[in-house]
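Trainee: These are the residues of each chain, in order.
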Amino acid sequence: MANSFTRLISGRNAAVVLASLGAGTMATGFLLSENVSLAAEARTKLYPPSSDFPDLRKHSNCMAAALTPAIYAKLRDKLTPNNWTLDQSIQTGVDNPGHPFIKTVGCVAGDEESYEVFAELLDPIIKDRHNGYDPKTMKHPTDLDASKITNGVFDENYVLSSRVRTGRSIRGLSLPPACSRAERREVERVVVTALAGLKGDLAGRYYSLGDMTDKEQQQLIDDHFLFDKPVSPLLTCAFMARDWPDARGIWHNNEKTFLIWVNEEDHTRVISMEKGGNMKRVFERFCSGLKKVEHLIQERGWEFMWNERLGYILTCPSNLGTGLRAGVHVRLPKLSKDPRFSKMLDNLRLQKRGTGGVDTAATGDTFDISNNDRLGKSEVELVQMLVDGVNHLIECEKKLERGQDIKVPAPITQFRK
Amino acid sequence: MAKTTMKKLSAEEDFPDLSQHNNHMATFLTLDMYTRLRELATPNGFTIDGVIQTGVDNPGHPFIMTVGCVAGDEETYEVFKELLDPVIEDRHGGYKPSDKHKTDINPANLKGGDDLDPDYVLSSRVRTGRSVRGFCLPPHCSRGERRAVEKLSIEALASLTGDLNGKYYALKNMTDAEQQQLIDDHFLFDKPVSPLLLASGMGRDWPDARGIWHNDNKTFLVWVNEEDHLRVISMQKGGNMKEVFNRFCTGLTKIETLFKERNHAFMWNEHLGYVLTCPSNLGTGLRAGVHVKLPNMSKNAKFEDVLKKLRLQKRGTGGVDTAAVGGVFDISNADRLGFSEVELVQMVVDGVKLLVDMEKKLEKGQSIDDIMPAQK
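Sequences listed follow chains U and D, in order.
Counting in the numbering used here, the first sequence runs from 52 upward without gaps.
Counting in the numbering used here, the second sequence runs from 14 upward without gaps.
Hints should not be assumed to be uniformly reliable.
Stated by the list, open to error - Calculated pairs, PhoX-like style, for lysine-lysine (alpha carbon to alpha carbon, straight line, at most 25 angstroms):
(1) U:Lys96 with U:Lys125
(2) D:Lys113 with D:Lys94
(3) D:Lys373 with D:Lys124
(4) D:Lys373 with D:Lys185
(5) D:Lys204 with U:Lys154
(6) D:Lys204 with D:Lys164
(7) U:Lys307 with U:Lys331
(8) D:Lys204 with U:Lys109
(9) U:Lys280 with D:Lys204
(10) D:Lys273 with U:Lys96
(11) D:Lys204 with D:Lys231
(12) D:Lys164 with U:Lys96
(13) U:Lys326 with U:Lys199
(14) D:Lys255 with D:Lys164
(15) D:Lys185 with U:Lys129
(16) D:Lys185 with U:Lys154
(17) D:Lys250 with D:Lys180
(18) D:Lys327 with D:Lys366
(19) D:Lys164 with U:Lys109
(20) D:Lys366 with D:Lys315
(21) U:Lys280 with U:Lys266
(22) D:Lys124 with D:Lys273
(23) U:Lys403 with U:Lys450
(24) U:Lys388 with U:Lys403
(25) D:Lys124 with D:Lys377
(26) D:Lys185 with U:Lys109
Said to hold, decoys possible - Short derived list, chain U residues pointing at chain D, Cβ under 10 angstroms:
(27) Ser102
(28) Lys125
(29) Pro284
(30) Asp294
To be verified - Some chain U residues well away from chain D (every beta-carbon gap over 10 angstroms; in silico):
(31) Ala124
(32) Lys154
(33) Asp265
(34) Glu350
(35) His380
(36) Arg382
(37) Thr406
(38) Gln435
(39) Ile457
No lab work stands behind these hints, which were simulated from the structure alone.
Yeah, the Cβ is synthetic: ideal placement off N, Cα and C, and Gly gets one too.
Put together the whole structure using the sequences plus the hints.
Mentor: This is the structure in structure tokens:
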């Protein structure tokens, strides 16, 4: 059995393959080199892709819907330049079968190149998740000009708070599922150095998760800023909690209206928020802050991961494009009890969550209402859709208060034909 | 999860922050050592980061010293010996890199053990693990390898006959009724929840290729692809540890023969004995124990000292990291490596006999000072 392999691979690699065939010898270690994938070469022949194909019969996530044995066979032995594999990308989807009602994505990117190397799997997943957006043919628009937003100040009798979040990845460093401790610390260094350059209403401070005092921790909890080690198996199975809390932290400005999470589920999560209904100002600060941070990292030779096919590159395919979730906490006591509420939200391209965020229930009549879409529409377009949608919902609530009837608005067009 | 790329970033930049840590790995891993080991990989691509991830993610506890590292394949113990040798020495009572481990699974060599008082000793059990040579271990194996181990195990176990005749239940295929029965029999294992195991990648692809085999008599049980390739358990109610050990040895020997007939050996060498995923289970991988009623003895000030002298440890009746209920303790051997299987079971048999004698004396209000053991 050894002979057929030594024919194929010469030199040191032959010894590697032989040893891995279970010769039973106590092999000495082999030096790593840039381009040798010991695992892949040694096992390709012994284990054809069919022997490794995951059992997805009980699964209900985007990855399970898109992954065929043929695609798996083609991609299993491919590596990104950071040696990230398909098996690593899909591990979270294999380990978390999902739920018939809640379709999770079921795969992550380990680096920017994952979206190219594994395009054959990720493109259909992106299309499925993002309403038919076809990365092969379409271009994603980026627009962070907040001045274009109209009617962006909500009635504060209804809207309690306004928030916009997105993520940004630092080009050249692996993403949270794949990064080494050194890379993660480099992300922290790059971002914290840049943030230290922010001034005026954006001047602020960084709190490293590992170093913060009890008092600082309590303050961050009270401000609803603190993030904790992920417990969701969706994230832990994607290797994102490794080395916690090393190189994780929270930066916020002194006014507590602009906040950045470092090395949680993405390199950075950027959040602009305020009490009240001034979404326009929240978005203005969001855009201004993002541009300033981008400028500051560029001064030091770094840039964000972005391309015109997929927009901003983030860990989860669901956050590609803008990575943007703009939302409000809004009281809709009458409307939320109306049987047409869900349909209205669908047509307005909005989603509701509880006030604890994703996967929480609403308390009382207050809902977190935000945009559904991330990719294929620009930041300005999505925020405007949110603004128009929330204004409409408030109008409906007021009508119901006055005893008037309401109508379900026509659906906003998407890409799917 | 192996990373074989060497980035432009240095070893110093990658070295874990172990300042809050208390486990065997953190005790011994230095920057210099990490710098050297970071250059290496086993033939299967397992790296030092893979070895130590569980220890980095689980800082440990001042009172409970966990190991903090795992093997991804047999070669891990050789390639990363610079770290694992001191860990092994620390964990296994001074076992040196030059020491040889004795294997003895001849049950005839056990003296006594068939007469532990069943009024006190409620059940007896012996467990160990075995790894199949040529396959990566649970932290690192692919789905294909894990399935190959399962397939081999099913074939081998299906050949057992007589009182070892039994049936395999794949975790992903079992019916609700089968599952309930296995739970009632205390046989079922579930997806690990302990972060010690999850952080090392052992929960991947659950429940694919995991399962439980047991004989019709429910006295011999094999777990497939949980924390090790195989965990082998012999157990029964009462105090006849000799019978339990007989069955254990017979069953293990038969299984080993059946694997060899299929051209697969167990991972073993004369320094480390049987090679398993966690360095704490090297050597015999053997834990022989009883559930024993010691309500008086356990309240006695000398209890811990006696256990220490007898080289025994106590656990709650739920197993590791559980509390004792109703004065009933799980008492088992503390050692794994450097003593043979027979020697370890002998220690349990002799030690439990003495503990029960002490319990009886304390019941009668007598002193136990005159029967205090010497340090084994």
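Trainee: It remains to establish, for every hint, whether it holds in the given structure.
Mentor: Against the structure, the hints come out as follows:
Taken as a hint, the Lys96 (chain U) and Lys125 (chain U) pair is honoured in the structure, with Cα atoms around 14 angstroms apart against an allowance of 25 angstroms. A distance of roughly 16 angstroms separates the Cα atoms of Lys113 (chain D) and Lys94 (chain D); the hinted pair therefore holds under the 25 angstroms criterion. Distance check on the hinted pair: Lys373 (chain D) and Lys124 (chain D) sit about 23 angstroms apart at the alpha-carbon level, within 25 angstroms; holds. The suggested pairing of Lys373 (chain D) with Lys185 (chain D) is violated, with an alpha-carbon distance near 47 angstroms, which exceeds 25 angstroms.
Of the pairs offered as hints, the one joining Lys204 (chain D) and Lys154 (chain U) holds, with about 23 angstroms between alpha carbons and a cut-off of 25 angstroms not exceeded. This hinted pair checks out: Lys204 (chain D) and Lys164 (chain D) have alpha carbons roughly 20 angstroms apart, not beyond 25 angstroms. For the hint linking Lys307 (chain U) to Lys331 (chain U), the alpha-carbon distance of about 17 angstroms falls within 25 angstroms, and the restraint holds. The suggested pairing of Lys204 (chain D) with Lys109 (chain U) holds, with an alpha-carbon distance near 17 angstroms, which does not exceed 25 angstroms.
For the given pair, Lys280 (chain U) sits about 21 angstroms from Lys204 (chain D) by alpha-carbon distance, which is consistent with the 25 angstroms threshold. At roughly 23 angstroms between alpha-carbon atoms, Lys273 (chain D) and Lys96 (chain U) fall within 25 angstroms of each other, so this suggested pair holds. This hinted pair checks out: Lys204 (chain D) and Lys231 (chain D) have alpha carbons roughly 22 angstroms apart, not beyond 25 angstroms. A hinted pair counts as satisfied when its Cα atoms are at most 25 angstroms apart, and Lys164 (chain D) with Lys96 (chain U) qualifies at roughly 19 angstroms.
Only pairs whose Cα atoms come within 25 angstroms are accepted, and Lys326 (chain U) paired with Lys199 (chain U) is accepted, the gap being roughly 22 angstroms. Taken as a hint, the Lys255 (chain D) and Lys164 (chain D) pair is broken in the structure, with Cα atoms around 32 angstroms apart against an allowance of 25 angstroms. Of the pairs offered as hints, the one joining Lys185 (chain D) and Lys129 (chain U) is violated, with about 29 angstroms between alpha carbons and a cut-off of 25 angstroms exceeded. Restraint check: the Cα-Cα separation between Lys185 (chain D) and Lys154 (chain U) comes to about 22 angstroms, which is no more than 25 angstroms; the hinted pair holds.
For the given pair, Lys250 (chain D) sits about 21 angstroms from Lys180 (chain D) by alpha-carbon distance, which is consistent with the 25 angstroms threshold. Using a Cα cut-off of 25 angstroms, the hinted pair Lys327 (chain D) and Lys366 (chain D) holds, with the two alpha carbons roughly 15 angstroms apart. Between the alpha carbons of Lys164 (chain D) and Lys109 (chain U) the distance comes to roughly 21 angstroms, so the proposed pair stays at or under 25 angstroms and holds. Restraint check for Lys366 (chain D) and Lys315 (chain D): satisfied, since their Cα atoms lie roughly 16 angstroms apart, inside the 25 angstroms limit.
For the given pair, Lys280 (chain U) sits about 19 angstroms from Lys266 (chain U) by alpha-carbon distance, which is consistent with the 25 angstroms threshold. For the proposed pair Lys124 (chain D) and Lys273 (chain D), the alpha carbon gap of about 30 angstroms is over 25 angstroms, so the pair is violated. For the given pair, Lys403 (chain U) sits about 21 angstroms from Lys450 (chain U) by alpha-carbon distance, which is consistent with the 25 angstroms threshold. Distance restraint check for Lys388 (chain U) and Lys403 (chain U): the Cα-Cα separation of roughly 13 angstroms lies within the 25 angstroms cut-off, and the hinted pair is therefore satisfied.
The hinted pair formed by Lys124 (chain D) and Lys377 (chain D) fails the criterion: a straight-line CA distance of about 29 angstroms is larger than 25 angstroms. Our distance criterion of 25 angstroms between C-alpha atoms is met by Lys185 (chain D) and Lys109 (chain U), whose separation comes to about 10 angstroms. A least Cβ separation of about 4 angstroms between Ser102 (chain U) and chain D falls short of the 10 angstroms threshold, and the interface hint therefore holds. With its C-beta approaching chain D no nearer than about 16 angstroms, Lys125 (chain U) sits outside the 10 angstroms limit, and its interface hint is violated.
With 10 angstroms as the threshold, the beta carbon of Pro284 (chain U) comes within range of chain D, its nearest partner Cβ sitting at about 9 angstroms, so the hint holds. Interface hint at Asp294 (chain U): satisfied, since its Cβ lies 5 angstroms from the closest Cβ of chain D, which is below the 10 angstroms cut-off. At roughly 12 angstroms from the closest C-beta of chain D, the C-beta of Ala124 (chain U) stays outside 10 angstroms, upholding its exclusion from the interface. The Cβ of Lys154 (chain U) sits about 21 angstroms from the closest Cβ of chain D, beyond the 10 angstroms cut-off, so the non-interface label holds.
Distance check on Asp265 (chain U): its Cβ is at least 15 angstroms (rounded) from any Cβ of chain D, clearing the 10 angstroms threshold; non-interface status holds. Remark: the non-interface label on Glu350 (chain U) is consistent with the geometry, its nearest Cβ contact in chain D lying 21 angstroms away (cut-off 10 angstroms). Once the 10 angstroms rule is applied to beta carbons, His380 (chain U) is consistent with being away from chain D; the minimum gap is 34 angstroms. No Cβ of chain D approaches the Cβ of Arg382 (chain U) within 10 angstroms, the least distance being about 39 angstroms, so the stated non-interface status holds.
No Cβ of chain D approaches the Cβ of Thr406 (chain U) within 10 angstroms, the least distance being about 29 angstroms, so the stated non-interface status holds. Under the 10 angstroms C-beta cut-off, the non-interface status given to Gln435 (chain U) relative to chain D holds; the minimum distance is some 42 angstroms. Non-interface call for Ile457 (chain U) relative to chain D: holds, since the shortest CB-CB distance, roughly 47 angstroms, exceeds 10 angstroms.
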